[in-house]
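Each chain, letter by letter, is given below.
Number of protein chains: 2
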Amino acid sequence: MNPTPPGRAQLKSRHVNLDTGRENVVVISRRSTALRPELFRGFSRVELRSGSQTQLATMLLTDDDSLVGPDELGMAEPAFRRFGLPVGSYIAVAPAPSPSSLDAVRAKIQGKTLEAPDIGAIVDDLAHYRYSDMETAAFLVSSANFMTSGELIALTEAMARAGTQLRWSAKTVVDKHCIGGIPGNRTSMIVVPIVAAHGLTIPKTSSRAITSPAGTADTMEVLARVDLSVEAMKEVVASCNGCLAWGGHVNLSPADDILISVERPLALDTHEQMVASIMSKKLAAGSTHLLIDLPVGPSAKLTTASEAMRLRKLFQFVGDRFGLEVEIVTTDGRQPIGNGIGPSLEAQDVMAVLANEPEAPRDLREKSLRLAAHLLEHDPNLRGGAGYALASELLTSGAALRQMVKIIEAQGPAPSKSELGNLTADIRANRSGVVSTIDCLRLNRLARTAGAPLDKGAGIKLFKKLGNRVEQGEPLYRIHAFEPSGFDLAVGMAELDSAYRLETEVGASP
Amino acid sequence: MNPTPPGRAQLKSRHVNLDTGRENVVVISRRSTALRPELFRGFSRVELRSGSQTQLATMLLTDDDSLVGPDELGMAEPAFRRFGLPVGSYIAVAPAPSPSSLDAVRAKIQGKTLEAPDIGAIVDDLAHYRYSDMETAAFLVSSANFMTSGELIALTEAMARAGTQLRWSAKTVVDKHCIGGIPGNRTSMIVVPIVAAHGLTIPKTSSRAITSPAGTADTMEVLARVDLSVEAMKEVVASCNGCLAWGGHVNLSPADDILISVERPLALDTHEQMVASIMSKKLAAGSTHLLIDLPVGPSAKLTTASEAMRLRKLFQFVGDRFGLEVEIVTTDGRQPIGNGIGPSLEAQDVMAVLANEPEAPRDLREKSLRLAAHLLEHDPNLRGGAGYALASELLTSGAALRQMVKIIEAQGPAPSKSELGNLTADIRANRSGVVSTIDCLRLNRLARTAGAPLDKGAGIKLFKKLGNRVEQGEPLYRIHAFEPSGFDLAVGMAELDSAYRLETEVGASP
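The listed protein sequences correspond, in order, to chains A and B.
Heads up: the first sequence is residues 1 to 510, going by our numbering.
Heads up: the second sequence is residues 511 to 1020, going by our numbering.
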């Protein structure tokens, strides 16, 4: 017998086989025994309560008793999973009060500057799924226009504290991060084994792709398991000095994950939010030294050096404030790094570099060595300036490859085979000339249309890079896919615009 | 046999018994024969296409074939109704491109001023349900911070043109509008019959309550049908000079309806958006002379005279720009107008005033006469200043009541009986004194909790108004409800805080 507090009707929980993405959604009968007067207008959010547990959710209505009866509460995913109660539990349902931190969001909308406790309350509500997508968007947009340095610090700190906080026994914990946007560019998977082979601690967590054809976690998953628990990750780092794990399973900065899930569809991308996002994750991950890769190029996230400089200063400002040593390198973001785009193709590039194969992509190797060199310099026992030579030695000697094999074994086997897509098409040059531009955004879109990252073996293998001479009819790249529909679409898109621009060689003009 | 364009998979439509509010939502199988690579990340919006018709929708996933199979497209309400195709139709599904007007929203977020064509494109996308709630919130918040007068004009004009545009044969078409927030206050239902009895054209459209316990459309629906089509509305106006119809069915300014549906849950309420909203509806309704009621009081939407003045100027500015003559009256918003709160109780007040019953609420009668007087003055044949006497004559003689009966008959019978709620409780004064404050917000919330406006007969009947002397234990008001749970909740809330403040009489203190 469940006692019902006055005015708070109880419904019997039921699982509804619907995946509603990031938002909590429940389904209620239009003839529900709870909530009747509020059902139709004005209240689209409800509060669910069972014992001391509460959740907010968006409510959908149904007339279909077989889906959800009048005395039932239909819980979609992820609400069902987050609530964690068995089917048939009694759950009290009431119109949801607006999260109280929304007052601060409204103040921000009106142009006011927020104090740290306001921002802390917003982040706490975000991290506990109390904001609807609409409310999350309101916060993001209100702070996209301007964010003071005080607000940026408060946001970073609150986000870093909202989830798991990893701590390591090593005094020096190095980490690297790239702001993304460049196809290929899987340097982490080479940098981590080099640095770990030398003995520095580098517990790398990475994201999966959201709008790109592969994230480091997707590519690493071709070789090993990446959804490690905090405990499993700690064991791998204890035995290998480093790991290449998916950050999503470790729950670092969960509020940031929610902000990102709304930023992406809105294509909001402010420097302040990017810095708060990255720095909160690195603080939560327990890093002491962070190297950040900022690619600059016409189709990269940063298009000018001055933009890169402003962003660099923002990273340094936040790093200084939290005692996290940040080093920034600006890199060439005019074209993809490596030859593969898509998880399996990128994993092939990485393993070719680690195995010192002659056909391994030189740019990926060089960039990885340069980044690893920076990190190795944090070893106090290393002579200043010796980082590059050491990185090169660790790679050439096979030490890095052996370290990578060790990490792969420690993380466990990959969940599935990852052959390349058996549908292939070569996209050929429609004229002769020298490659003068490669549109990174378009290549990302093509690879994604071909099926990456969901189909690990789908993607693009590049044959030509900037400055290469190409004859008319010669292939520029090969598209790999499994699914005919995505394949057809990608090939059609590539034939319309290959993402490559060829120019007559300067020396050849009169 | 449906030909499938390359890369555009077709699914068979199916109705899913889910009401998703304002947003288009479809359900797709996780093993769908369309959209496979995009399913899991990054694309939460899909484009549906059949013939020349397209719609954007938010996508939910399911593993349950009995809900939606791999070759099916589950369409929830309102997507199913908006698409208007029979079950089993083949519909092409593809990842949705972002509405292109979102670029303008992003520019606005970055602090840029928008040009009229940008705003026109945003409104067009809004009116065609191409924005998700998140995107709508992004636009609202981006323009809540600042809106130039040029943007305000452009927004008003674009919204006015996005839906039905009514035109009338009369040269003078009068209208009135109240910005809301005051319980009771059903002056329109008295003003319209007075003005129409005199022969002026007053085709009044009203909204239903969204967060309040009754809108004029909800209260009028106690007496007559209000969901009139444009044709039906024109017929009523042709025979009665006026009407009291629900605006929602006439589709005036549909983009505004969508903006409001997101403003309300976010509790965003800027003057510019209010002015654009009201003026766009009135322009679309074909009004030439508009009277606006701005109640000012401590728990009203406007709390100070200076706030009311700024808003007045904004209304006049927009009115001048479109040649719509706007007159503003600032009214007493310190307490409810009339004695009833909730559709049936308010309808009783209205009919008592029209029938000149002795116990009819005096404040409602006086305010209505004053507003009607302003509108009657627009009759060029009327001697200046004679409006009030004429309004009074039309009311006292019974002409207004006869006109109301005529309008009710022309609009058709009310859809259902509307007795008062049979669960009642009197809320009594816990001390003696004079009523010094009545909290309008709290009374609205109480009436809504009791079941209004969904239960027409639920609500609050006031026995005491400001300045009335009350003895301890004397009833302040009566709560009416049908549903025990809402009734208990409302009574509990009222006992905690009655919304009334009583003070010792000033004359009684030493």
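No wet-lab data here; the hints were simulated from the structure.
Worth double-checking, as some hints may not be accurate.
Computed spacing ranges between beta-carbons, pair by pair [stated by the list, open to error]:
1. A:211 - B:617: 12 to 22 Å
2. A:211 - B:1005: 51 to 61 Å
3. A:495 - B:562: 37 to 47 Å
4. A:432 - B:660: 46 to 56 Å
Cβ-to-Cβ under 8 Å is the rule here; a few derived chain B residues that face chain A [what the hints assert, rightly or not]:
5. 619
6. 830
7. 834
In silico lysine-lysine, DSSO-like type, Cα no more than 27 Å apart, as pairs [said to hold, decoys possible]:
8. A:313 - B:622
9. B:681 - B:971
10. A:171 - A:313
11. A:112 - A:313
12. B:823 - A:112
13. B:823 - B:681
14. B:916 - B:927
15. B:971 - B:927
16. B:927 - A:112
Just so it is clear, CB atoms sit at the ideal spot from N, CA and C, and this is done for glycine as well.
Evaluation of the provided hints:
A C-beta distance of roughly 20 Å is found between residue 211 of chain A and residue 617 of chain B, which places it inside the suggested range of 12 to 22 Å. In this structure, residue 211 of chain A and residue 1005 of chain B meet the distance hint of 51 to 61 Å, their C-beta atoms being roughly 54 Å apart. Between residue 495 of chain A and residue 562 of chain B the CB atoms are about 26 Å apart, so this pair departs from the stated range of 37 to 47 Å. In this structure the supplied range 46 to 56 Å holds for residue 432 of chain A paired with residue 660 of chain B, their Cβ-Cβ distance being about 52 Å.
Proximity of residue 619 of chain B to chain A holds as hinted, the smallest CB-CB distance being about 5 Å (cut-off 8 Å). For residue 830 of chain B, the suggested interface contact is broken, since its CB lies about 27 Å from the closest CB of chain A, more than 8 Å. Taking 8 Å as the C-beta cut-off, the interface hint given for residue 834 of chain B is violated, the closest approach to chain A being about 29 Å. Proximity of residue 313 of chain A to residue 622 of chain B is assessed by CA-CA distance (about 25 Å); at most 27 Å being required, the pair is judged to hold.
A distance of roughly 41 Å separates the Cα atoms of residue 681 of chain B and residue 971 of chain B; the hinted pair therefore is violated under the 27 Å criterion. Note on residue 171 of chain A and residue 313 of chain A: the hinted pairing holds, with a Cα-Cα distance of about 26 Å set against a maximum of 27 Å. Between residue 112 of chain A and residue 313 of chain A the alpha-carbon distance is near 24 Å, which keeps this suggested pair within the 27 Å criterion. Proximity of residue 823 of chain B to residue 112 of chain A is assessed by CA-CA distance (about 25 Å); at most 27 Å being required, the pair is judged to hold.
Our distance criterion of 27 Å between C-alpha atoms is met by residue 823 of chain B and residue 681 of chain B, whose separation comes to about 26 Å. About 19 Å separates the Cα atoms of residue 916 of chain B and residue 927 of chain B, which keeps this hinted pair within 27 Å; it holds. Distance check on the hinted pair: residue 971 of chain B and residue 927 of chain B sit about 19 Å apart at the alpha-carbon level, within 27 Å; holds. As the CA atoms of residue 927 of chain B and residue 112 of chain A are separated by approximately 50 Å, the hinted pair breaks the 27 Å bound.
Hints 3, 6, 7, 9, 16 from the list above are not met by this structure, while the remaining hints are.
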